[in-house]
Each structure stands twice: as structure tokens, then as C-alpha cells.
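**Q** Sequences and hints are given; from them, build the entire structure.
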Amino acid sequence: MKKAYLILSNGTVFEGCKIGADCESIGEVVFTTGMVGYLETLTDPSYAGQIVVQTFPLIGNYGVIPDDFEGKCAVKGYIVRELCNYPSNFRSEYNLDEFLKSHGICGICGIDTRLLTRILREEGVMNGIISDSKEPDMEAVKNYKVQSVVEKVSSDSLSVFPADNCKKYRVALIDYGFKGSIIKCLQSRACEVLVFPHNTPSEEVLKAEPDGIMLSNGPGDPAENLYEIKQIKKLIGKKPMFGICLGHQLTALALGGKTVKLKYGHHGANQPVNDTFLKRTYITSQNHGYAVVSDTLKNIGREIFINANDGSCEGMSYKDLNAFTVQFHPEANGGPHDTEFLFDRFVEMMEENRNA
Amino acid sequence: MPKNKDIKKVLVIGSGPIVIGQAAEFDYAGAQACRVLKSEGINVVLVNSNPATIMTDSALADEIYLEPLTTETVARIIEKERPDGLLAGLGGQTGLTIAMQLCENGTLDKFGVKFLGSDIEAIKKAEDRELFRETMLKIGQPCVPSEIALDTEAAVAAAGKIGYPVIVRPAYTLGGSGGGIAENEKSLRKIAANGLELSPITQVLIEKCISGWKEIEFETMRDSAGNTVAVCSMENFDPVGIHTGDSIVVAPTLTLSDKEFQMLRSASLNIISALGIVGGCNCQFALNPDSFEYAVIEVNPRVSRSSALASKATGYPIAKISTMIAIGYNLDEIKNEITGKTCACFEPALDYVVVKFPKWPFDKFIGSSRTLGTQMKATGEVMAIGQSFIEALMKAVRGVEIKLDSLNCAPINEEDIFTRLSEQNDVRLFTVFEALKSGVPEETIHDITKIDRYFIACLKGAVNLEKELTDNPLTKELYLKAKKSGFPDSYIKRLTKENKLPEFTYSYKMVDTCAAEFAAETPYFYSCADENCEARALTRSGKPVIMVLGSGPIRIGQGIEFDYSSVHCVWTLKKTGYDVVIVNNNPETVSTDYDTANRLYFEPLTEEDIMSIIEVEKPLGVVVAFGGQTAIKLTQFLVDNNVKILGTSAQGIDTAEDREKFDAFLEDIGIKRPKAVSVNTSEEALIAAKTLGYPVLLRPSYVIGGQGMSVARSESEVRNFMKIILSGKISNSVLIDKYMPGTELEVDCICDGNDVLIPGIMEHIERAGIHSGDSIAVYPPYNLSESLTEKITRTSIEIARRLGTKGIVNIQYLAQEGELYVIEVNPRASRTVPYVSKVTGIPMVDLASRAMLGEKLSDMGYKSGLAKTAKYYAVKVPVFSFDKLLDANTIMGPEMKSTGEVLGMGRTKTEALYKGLTASGIDVYEIKQKKNRGILISVEDYDYSDAIALAEKFTDLGINIFATPDTAKAIRARGMDVTTARNVWENDDIYNLLENGTVNYIVYTGAIMDSSVGDFRLLHRKAMNLKIPCMTSIDTALALADVIAADYSQEKTRLIDIND
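Chains as they are written, first to last, in the working numbering: chain A, 81 to 436; chain B, -7 to 1052.
Mixed in with the good hints, there may be bad ones.
Said to hold, decoys possible - Restricting the straight-line Cα-Cα distance to at most 30 Å, the calculated cross-link-like pairs of lysine-lysine (DSS-like) are:
id, chain 1, residue 1, chain 2, residue 2
1, B, LYS130, A, LYS248
2, B, LYS327, B, LYS473
3, B, LYS473, A, LYS82
4, B, LYS863, B, LYS1
5, B, LYS459, A, LYS82
6, A, LYS83, B, LYS200
7, B, LYS182, B, LYS200
8, B, LYS945, B, LYS920
9, B, LYS920, A, LYS181
Calculated directly from the structure, the hints in this document are not laboratory data. All values reported here derive from a predicted model rather than from experimental measurement.
**A** Structure, rendered in C-alpha cells:
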């Protein structure tokens, strides 16, 4: 196997072997702690611009199952301890190395991923490069920024997904880099889903007469998306609205709140979230590097979910505006399905709004 | 909900003796529970008949009853203690069953005792197969097609509907006792009949056989608010069909995609929510490897062996958190102790792989079937942590003490490789490895074994690496690759024929529940071949470091009692001001709890593994005296590597362990032992036996629990036994002693180098020749003259001193015709330490540990000599797991066969014995209620005179005597009434006597030869099914006669709180 290096912007060098495409790549290095779900991770557009480290050491065991893809594969690089080249699963079609190659993604294996994770935990997320050389141009690495990523992963024209059974609702999904499971969760609840590109003017969305508006997940710094925020400002309150992840952050920004970059984010399938109304705690799937500062929305909304580990904001309800948003991923995939009921809540809101 | 303030006193029910299917995991769970309750200010009342446990320690509970675990006795304890609540989910199936009975018979209501944790309805829904299926049906969880049958005909009808093969699962039996797979009606009739007999409610489940599916488990938690988490997923290496306790298990699952994983995770959480579980719960599934089809196999609404494994695999203390939930806390109100910051309502993320490997007792039962199925046969297990499946597996295999350091194992039979691959037995992993080496295609192996292709491919990787090492020069890179795959140096040297290996040091990573997402505060380590070492980087307290070696997997001869001693040693050393490091690989134990020692290394107890930890920890010394033979046998190696052994010197240990040196030592100090000769071959053995005169005792050196020891009465027996011993590759010589059937006595001594404290003397009921672990032992001695007592005291002091003991030493004596002989000396803590400590109140391990460090007994407040006799008699009764090993030779002999023990305490020897027998499952009182009682006697001719005495005693008690023809003749010759019963091989006489209740006890001796053992096995199996005590020593039967003569019942004994 060809030697490869991961060099972090703080100068730490890891030596390993090249996997995937034979190229070099710069990105923001983040770790995810999910023990299963590497396909969902690799195809989650929210990772756009990032090099993903799997903390679980054995990756690729069940091969590549195209049915499980969530969206565009937009990662900049992939880091694993051990890549499995002899996958075993009844649905597996080929191995993960081939997947990486076919998507032009380079990666590195055979490094101490736990040490890497600890560095990211202690010093915060940082840029890095997967390189053939021990001494690449570090200027480029230091200057790298995850930028304008939403436009890279969003669709550029409208598409329609029919409801699974008889259609009862029409949902407008604003695509900032959506995960396919969001659509599946809606389809299975009798929703027809209209997917609008991220930069669709609000008027156009409303013209489609949706019963509700769904704001998708997506990559990057939320504050960057000025146009999208402006559209949300115009949409909110018009129709029942449900935002996930980036959609949650953009809503907060649209209502005058603030977001903050977390030291190393939440990426994994085991994050506990307190439901402040029901006094319950759920295990959720998460993938975000920024968080909403709930204090900045004190008079506008109510914090409905809080991260049980670090107390960060995990969900807001804007009752007067008939909207609620969550930082985590109720659509799961990968990760637990424990909060899928939020889609039912959204459907109820649409039903009530229709009857009102 | 915060803690329930109404609960001030809680009764905790333990799980009783160690048996197959119920081992140390419940001591671990119970000890955690007790500690939680005490720290919450709750008064803890504990009942457990197993004296070797840590949970029955004075520090862990306020009131401790070493009483029989029966509904009657526990009800009396409730009446006396009046607890507010009952914690039932921590005592295994035993504890749970008693709790349910107490609930159903109204005891709990009568005394206002609240059922803590999952309520009775939830437990019933999980335990009762019909209710369970109804509940599953309601929430749409698929079960395996099955039907309940109450008799054999119904079973056959059910199988007709479901289609063969079917699995038979008896209701309410431990570890699935009595179950099996039936391929056709004939075998079904046999298995079902047996299962019905074993089921306490005469019920079996006939189930569609789904062998070949993946077996997946989830350990889950739920609180009373309804919060649920799946703590750990586990995947069995072996597909469905082999009991999970007998399977190699990995955690987390390695072959499931997120879709399958989440499907089963959601299913488990839906199940525990529907059942209304409050606390920990284990959910087992079968998953079709070729689709999303799955079925719920079973649910255990309590902590279990799997939950102990999951706790150690993840660092998430399931029993502790279950207890907190039981007293009212919600999951999100509990902190994750490992990180100290995050919340316990989360799911651990692992950044390593865990492999569990079972420890089977087949080395103790040579000739008994090694086939694995739905009946668990393992006595214990090891766990190993690595960064790949192979690395963890290699560690597990070398840690399980089966004399292997690789996956190369000689075939156990002569069959061809394909036949052997199809045999589900304890060596199948090695057979797969062998098959891969000999070029059998992976797909063929998968077709035969149904082991997932992923695991087979991993093994293939190890085969390739082995070849690479054999064929190529050993470069640094190749060596590192081998180390990353967990290959030990001994194996690499053998493959490469290199003696000098490149430089390498192991690193240690932390088990932190969160894959390094948060900083962890609990130093719990495993080794790997990375460069970065977290153990070396850890900030130390600056205190001197001592390393304590644990005792590895639970097996016959080395059980939970050694964990008791290891843990106590750790506690004492910590108190004394040391930083204590413990090394052990048994996930069921308290010693591997992350907060027992200052630092825990979850590693195999092998030379290389220990040395590399020593390099990191640089302890001032290593303690080997409390980890049984596992630790003791590392002594010489450690000394050779300039590691200081604390306590008795390596030389002293060797003197005691090496039989020849030991003989010389005894001769030197003028103490007798039975005449002995050391031999290496069968021919030498025959000559020696002839010189000594039959019967003789054969014993190999450096073994556990008398492994390979036998009494031989003839030339053919000597030949036979030597063959078995020599085939076991025991390298040291075999010692042949003159067998002397005297009284066995045993002492444990604590010695500070000068003063010697003897807490007590134990006298065995069975005469010498039966392993001390299998004998009923009585404290204080009941038949010992003053002069002999004095002599034992003097001799013990002399031996302890002259061996240079610093710490603890166990000495076994034989008294015959007024003479005292030494049988053996164990320079370490023995299996009797926990119970002698509890009965005498002398903290033996604590004193021994301090003596080891140089403290004087006099400074600790103890005098030299035999301690004052305690106020109660204590009788230790062995407990066997023969109902799990149906074809094992169950005749007692010098090789230990019991898996556990119980203690009976009383004001008299007889009361204590009554309690001990009751606790071990022999209900003397119940049998006494019968009108016509009988005893069947069948003995070898050398036992006739004893048999006659026995017959007299039983006749006096009004019990009818039955005997096999020769024995009957001998008894009748003395003028006693005796009914002749034909031998088992002649007709069904005896079976009829057993079945129609005419015979209530059996005494049987002999049957050590292959020719007669089969008959005895059948007889014993029948007796076990009918719960008829079957004794293979006349001494046991004589003691039983005393108990029958006395008038005890469970209502009439005195309950003894040992903490009083």
C-alpha cells in the first residue's frame, strides 16, 4: 500500500497508508463517533468541506450499499484506522475503497485515530491535509476555509417526491444539502415533498401552496448564508415550519439570534438531548459544528431541547410563528430513530393549520 | 424523579453458589448494588448462600445472612428485618425467581415490601413465554414460531405444525438446562421428556430452529420516566444454535449495517418499553443474514452475564445504574462517572473491539461431550480488548489459559476437516483456522459453519500473516504488523525461528465510554501496538505502586473466591497508601470494576503481557498470592526478570509447588507426608505403585484443583490414569503417593515472617481422596483431639516460618491413626479464605496483605497461634453443575468437580450442616415428610464395611435399605433387612424405585473405570431429574444420617446475621 500522511495545521504528522483516490486533499478535520453508519456519514452533504475521522477502528465491514446513501458525497477526505476490503452483507455491492475511488475521495488508514481525536478534542477542529509528502505546503492548509458549501451540495432545480400512500400534505423542503431520509420520513407520513434549491425566493416556495415548510440540514457556517436567511424571514409564520440542523441554525439567525462555532462539534449517534417539555431524554444522531445561542432568542422562542452533556441548544420552538427546529437529526440514518416522532408533530401542525 | 425517600432499608438477594450459567457476574452486580445503596444512606440487608462473594462482605451490607436461598428462609429474613424494598434484579435467575415467589405467596404484601426495579408484571411478561409472545404480538415484534407443550405428545404435535428441526426450551431453567435441537420425532420425544422433567412448571417451548441466523444482543436500560438507552450491542461469532454463554462474542456488532443495527436497537427499546422494564434488560435476537427478517429470541429483565460483559466492554456500569434507577433516579439525573461530566442517559461509543471467549470445563471431564448447543457448558469467560477483531481474539485465546498462544490447536478427534468443521464444539474456532491454513475455501467454511464471512476473512488474514512471518525475514515493519494483529512474541519466535526480535513496546489506551470525545477520569486500560500511550501520559499520584495479579476466568478449582482475595488485597493496599494496579481479564468480576484499583489493565495474565505493563507502571513489587494458580505460575518468570514478588519469596513458592523440592523440605523439618515417588512414564508409575502398595494417588505438579489427580486401585487403573495425565501435556513429573483414607484437615495461616496466625482449622467430612474443593468442610473441627489440634498448630507455624511465608499459606493435612501427615501446601490464598474470614471475623486478606508489606501481626493486634474458636459452626457444602454436563463422570475423587459452594452456619454442627445441605439443594426436611423412605446403596467391595455401618444407621432412622446384589449380600450377611435391586444394566428395578418415590437417597461408590461409569452416569442423571441426592462418598451419607436424625426444618433454624 502507498504511504500517505495526514498533517494537521498545528504541525502534527500522522503516517499511514493511502486509501481511495490517489490524490491529495485539504479540509477541516472532524471526528465522528458513530460505530455503524459509515455510508450515511460519507453521503451526508453536511460534511461538505470536511475530512472525516471515524473513531471506530473497523470501517467498511458491510461494504457499500447504495440504497443507504443519504445524498451527495461531499467529504474532502476520509480517515480510518482499518479499512475492510472483504465486506460481508447481503446487500453489499462493492467495497468501500472502490466507493472512495469512484467519488475521487482520498483517505488514509492505519493511523492512531484515537490520538487524532484527542488532539481535535483538546485543540478544537482544525484544518489538515492528506498528502503523499511529509512536508506539503502548509500555507494552503492554514488558509483553507469551509466556504460556500451549501451551493455545492444543494440541488439546482425543483424536484418532486410523491407521498408513499395517498397524499395528504404537500411539504416544501428547502435544500441546503438535504439527507434523503428526511424525504422518506415525510413520504411515509402521506406527504408529497417538493425539493427547492437553497436559493429559491420565498415567493416561489409559497406559490407552490405547501402545507408546511421543511428546512433541511446542510454544511458550513450558518451565518454565511445571508440570502437563505432572508428568505426564511419571509417564510416563517406563513406556514408550519420544521427545521433540522442547518435549518435550525438559519431559522435562529433569521429571527435575530446568534450562532457560535463549537470547539469540536457533535458528530455521532449517541448524543443525549433533554426534552424540556416532556422532561424526557432521547438519544439522537448529530452532525454539526455550530450551535444556536438560545439566550439570543429569549423573547422570540423557547428552548425545547438541550444537549444533556454540554448544555448546548438542541431545539427551539417558535410557537407564535408555528415553527420548531432541532439541531439533531430526527430522520436518523445513521443513528437512532428515537426522535422520529417529531415528523408526526410536524404533520399534526400541518393538519391543525389546515383546519384552523 | 429523584430518589424515593421512603426507601430506607432494602433487601438484596444474591444468586447463590457458582454454577454453570450463573457465575461471578452476580457478585459483581450485587457488590455494585450494595455500594450504591450504602452511599445513598440506605440500610442494606443481604442474603446469599455463597460465602466466597464480595457482596457478603461486612463492609458492603449492614445485615448479612449466609442462609439458604429458598423462599421460606428469605421470607423469614423479611419478617425479621422488615425491609422497605426488595431488589431482585441483581441475583440472577435465582434471586428473581425467589422474589417472584415471595410476591405471589403474599409475603411482600404482608410485610409491606416494595418490589424495586422492574415490577412483578413486567418480569412476568418477560419470563412467561406465553405472556411474552402476547406482548410481542401486540407491539409487532416477531418471535420465532413456537408452541408451548405440557407433555411429550403436545410437543410432537407442535413440531409437526412448525416443521423440523425444532428447538426444545424448558421453562424456568438456569442457562437453558435440558434444552436441545431435535431433528426428528424420535429425538424430540427424548429431549422433550427430559426438558419437561427439568422444568419446575413442566413446560417446554417447541420452537422453529433458526440455526445459522446471526445472534445479536442488546444491553438496554430504562427508567421509570420511560427514558431508554441501548448501552451495548453484541454479536455472536457463532450463529444461533449455540448458547450465547458458550459463544465467542464481539462487541459492538461488526457485521451489521446501520439499517440492521437500528432496526434491532429500536426493537429492543420498544420491547423494554412495552414490558415496562425499570433497570437493565438484555434482549436477544436472531437475524436472518440474507434479509431484514429477525426474531426476538429472549429477554432477560435483570442484570446478567451479558450485562457484566457489556459493562466491562463499554465502561458503563449497568448494575450500578440499574440500582439507582430502582431507588427512584432517572437516567438523565445520573452522571457518567467515567467522564465525570456527561450524562448517564447516553450510549457508549467504543473505539476498540471487545472479544469474549468462554472457559469450558472439558479438561476436568475427560471423555465427556464437547458438543455445544442450547445448554450452556462454560464455567467462565475472559474478555479481551483490541483495535481489531484479530488482535482482541488473539488476546482472548492466550488469556483463557488453554495452553495456546495462537489459533493453532491440535484436532480433538480423527475426523476429516469437513466433518470437524460441522461439529459445534469448543475448538471450532481453531478448526476454522486449520481449515483456512489447509486451503479450504472461505465460502465452503461459511456454508458448513454459517459463521459470518467477515469473521472468516479476518481469520484468513491471520493465516496469511502467519505465512508471511514463516516465509519472510522478520523486518521491523513485519514485526509491527504482527504485533498489531495481537501476535505474542512466543508465537512470532516460533514462526520466524528468530530469537531476537526488533524493539517494541506496547502502548495502553483508555476505555472511556465515549471514543475520546470527552476527557475521561477513570484509568481503565488495554494494550495496543500504537505509539501513543495514554497510561504513560497519565498524571500519577506519586505514591508507590504495587501490582496485583488477578485470577483470570472462573473455572472448576479456581473460582470467585480468588477474586474476593484479589479485591481485598487491592482495598488494603490502597488504604495503606499505595497506588494499586490490577491486571485481570475476567469481565464477570469485581476486580475488573474500574474503580476497584487505582488503575485497571484489562489484559491477559501471560508473561509478555504482564511484563509490558510492569514496564509502564514500574511497581515496587507484584502480588501473586491472591490470584490463584494463574498468578502463582508467573512467579518464577517475574523473578527471572528481576521483578520483586511481594510476600512469600519465589523460592518459598517453588519449594511448596514443586513436589520433589517439597518432599525434601518436609523431610528436612521432620514432618511426615504419605510416601511418594516421582515418575515420568507409565512403566515407572507401575513400579512405584507396586512398591508403595495399592491404592495409590497420582498427581501432577503445578495444577489447579487437582487437575489430573486420581486414586488408582489396580495396575490397569494406573495405566489408564497415566495415559490421561500424559496426554494432557503436563510437562512436570507425576507424583505417586501411597493413598491413605484418613481425615482431611485444612488451615490457612497468616505469617509475618515470624508470628503465625491460624484463624481456624477445617475438618473435612469426606476422608482423604476426595478433593478438598469437593468435600464438605466443617469449622471448627468436630472430631479432633486436643493433641492433634496442638500438633497441627505447631506444624503449621513451623511450615509457614520455614517456607519464609510473608502473607498467607494454605496447608492440607491428613490424620490417620493419630499420626499427622502433610498432603499439600499452597503458598497463596486458598478457596477457604473468604468463608473462614467471614465466620471467624478475622480479616485474613487484609492481615496477609499488610504482613506482606512488612507489618507485624502483633502490631495489627493478633497473636501467634490458633485463634479463638468462633461462636458458630460453619459448614461449606460443594455445589456441582452436573445437570449441565449430562455425560460427565460425577463420581467424586481427587480431581475437583464442583463449580461452587454454599455455607451453612449454625449453633451446632448438625444445624450448620442442615443449612448447608438445604442451600445446596438437598432438602432433608422435605424428604423426611414422606411416609416410606428408602436409601439405595451400591458400593465397591472395599467399601463393604463402611456400607454396613451406613445401613445400620439408616435402619435405625426407620429408612428402608435397598442395595445392588453384591452390596445387599454383604449387608444381609450382617443380619439386616435389605431389599435387593438389580443393577442398572440388568433391568429397570432401580429406576422404578426412584420414580415411584421408594428411594430418596443414593449412595454409590466406585465407577472410576470406563466400564462402569456409564451405568452410574445414567443413574445419576435420573436421580438429578428427580432431585434425589446421590452421594459418591459414604462419609457424606453418614453425615446426612446425622442431619436426618436431628429435627431441623427451615422454620426451626436460627437466622444468623454475620455482621452482628
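**Q** All hints, please: hold or fail.
**A** These are the hints, each one checked on the structure:
no.: 1; hint: B:LYS130 to A:LYS248; in the structure: holds (28 Å)
no.: 2; hint: B:LYS327 to B:LYS473; in the structure: violated (39 Å)
no.: 3; hint: B:LYS473 to A:LYS82; in the structure: holds (16 Å)
no.: 4; hint: B:LYS863 to B:LYS1; in the structure: holds (27 Å)
no.: 5; hint: B:LYS459 to A:LYS82; in the structure: holds (22 Å)
no.: 6; hint: A:LYS83 to B:LYS200; in the structure: violated (52 Å)
no.: 7; hint: B:LYS182 to B:LYS200; in the structure: holds (17 Å)
no.: 8; hint: B:LYS945 to B:LYS920; in the structure: holds (15 Å)
no.: 9; hint: B:LYS920 to A:LYS181; in the structure: violated (79 Å)
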